[in-house]
Each structure stands twice: as structure tokens, then as C-alpha cells.
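J.: Protein chains in written order, with the working numbering: chain U, -15 to 98; chain X, 34 to 148.
Honestly, I wouldn't trust all of these hints.
[What the hints assert, rightly or not] Just the calculated beta-carbon pair ranges, DEER-fashion: (1) X:Q78 x U:T60: 34 to 42 Å; (2) X:G74 x U:Q25: 13 to 21 Å; (3) U:T(-14) x X:I101: 32 to 40 Å; (4) X:I101 x U:Q1: 19 to 27 Å; (5) U:L39 x X:K94: 27 to 35 Å; (6) U:I(-4) x X:S85: 23 to 31 Å.
[As the list claims (entries may be wrong)] Chain U regions said to be covered by chain X (calculated; three or more residues, Cβ under 8 Å): (7) 1 to 8; (8) 35 to 43; (9) 67 to 74.
These aren't lab readings, by the way, just hints derived from the structure by calculation. We put the beta carbon where it would ideally sit given N, CA and C, even for glycine.
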Amino acid sequence: DTGVSQDPRHKITKRGQNVTFRCDPISEHNRLYWYRQTLGQGPEFLTYFQNEAQLEKSRLLSDRFSAERPKGSFSTLEIQRTEQGDSAMYLCASSLYQGRYEQYFGPGTRLTVT
Amino acid sequence: AQSVSQHNHHVILSEAASLELGCNYSYGGTVNLFWYVQYPGQHLQLLLKYFSGDPLVKGIKGFEAEFIKSKFSFNLRKPSVQWSDTAEYFCAVNAGGGSQGNLIFGKGTKLSVKP
């Protein structure tokens, strides 16, 4: 399967701990996106990369959140000093950028902060 | 701010009934429009998309959607639903015709189809 993959699929952590998630996009896709989804809501945009450049960050992305895509391939999303409100499904998506595109989503990482 | 509204939170239908799920967006410029589906336990999958041209677009599994620019709407339809269509459906908009990266999603409509 050459779809978007995410690791881990589930993460339980205690409040105040740091967590890091990884996303591997579809290999030829140069855009990579992070979204967050909470119960009863649609996905909310966090940030996206074109190759290794982070082009946009949402106001939802507080200073405790940081994302990287160092070589333009996989990406990591780190949350420092987690809070209970960070509990959510973190989704990664990737796409080509040719003016018209669609985003392909991974299975997500479910974070539970206790 | 741009937003997407899905009018129905939960729709319950019997098999063979017709389906229409509403989606309205707020953005006056060029948009790309999408419907995604999330089957139980699975990840988001693209159902259909609209970029330009014929406002009636056909997607997978017999779904179609109609873009009505004057109404800022992109409603999803299926003439006859099956039990396997039970899922959550999300409408999404990419404002600016692709120049902006992010998708803006509605809150989703949960569809339950009774056998």
C-alpha cells in the first residue's frame, strides 16, 4: 500500500509530557498537511508544507506545537507540555501541487492526554 | 472567515431511499469543492471533487454532487442508498482555487442506512 501512513496510531500520555507523531506521505506528493479532528467536528487545518518549506500555520497551532519536514519527505508534529485539550485525532494528508489537486488522508494518530 | 455548513448532523434512511446532504460555504471567490467519506473504522476517503466546468460531478459508488454558484452550495446526492453507505460525510472547500493550501471542512453528516 502506497498511501499516507502515520505512526503511532494511538498515543496515551500524561499531561505535561511531550509527544511526537510521524507522517509519511505518498512518495511523489510535494505537499503535506496536518489537521486535527475532535469528536463531532470536521478536521481543522493546522499547518502545511510544500517540500520542506512550512508555508502556512493556523492560529490553532499554539507555541507548544511544532512541525517539521526536514528533507521534504516525512514530517513530524511535536506537542510539548501536553494538555487535556490536546486530546484529538491528528490527521496527515498529502497532495501534489499542480493547481488542481486532492488531498489524500492517512489513518490518523489518536492522542489521549490523561 | 471562510466556513462550511452542513445542515444535517444525522440522517437515517432505509435502503433504497434517496439521499441529499446539504453543504453551503462562505467564500466569494474561486473555490475547489470536495466531499469526503469516512466509513466506520476507516480513514477519510475522497468521494468526489469539483474544480471547474460541468457543475454536476459524479463520484465513486453512485454519488454525485451539484455546484450551484449562486447559492454557494455543493449538495451531495445518491438516488438509492445501500446499507454499505453508512458512514460520515464531510464537505470541504479549498478557497482561492488551490492557491491556498488548506481545506475547510464542515462538521460532517452521519448517515445511517437501515437494512
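J.: For every hint, state whether the structure bears it out.
T.: Okay, the hints, checked on the actual structure:
| no. | hint | verdict |
| --- | --- | --- |
| 1 | X:Q78 x U:T60: 34 to 42 Å | violated, 25 Å |
| 2 | X:G74 x U:Q25: 13 to 21 Å | holds, 18 Å |
| 3 | U:T(-14) x X:I101: 32 to 40 Å | holds, 36 Å |
| 4 | X:I101 x U:Q1: 19 to 27 Å | violated, 48 Å |
| 5 | U:L39 x X:K94: 27 to 35 Å | holds, 34 Å |
| 6 | U:I(-4) x X:S85: 23 to 31 Å | violated, 45 Å |
| 7 | 1 to 8 | violated (count 0) |
| 8 | 35 to 43 | holds (count 3) |
| 9 | 67 to 74 | violated (count 0) |
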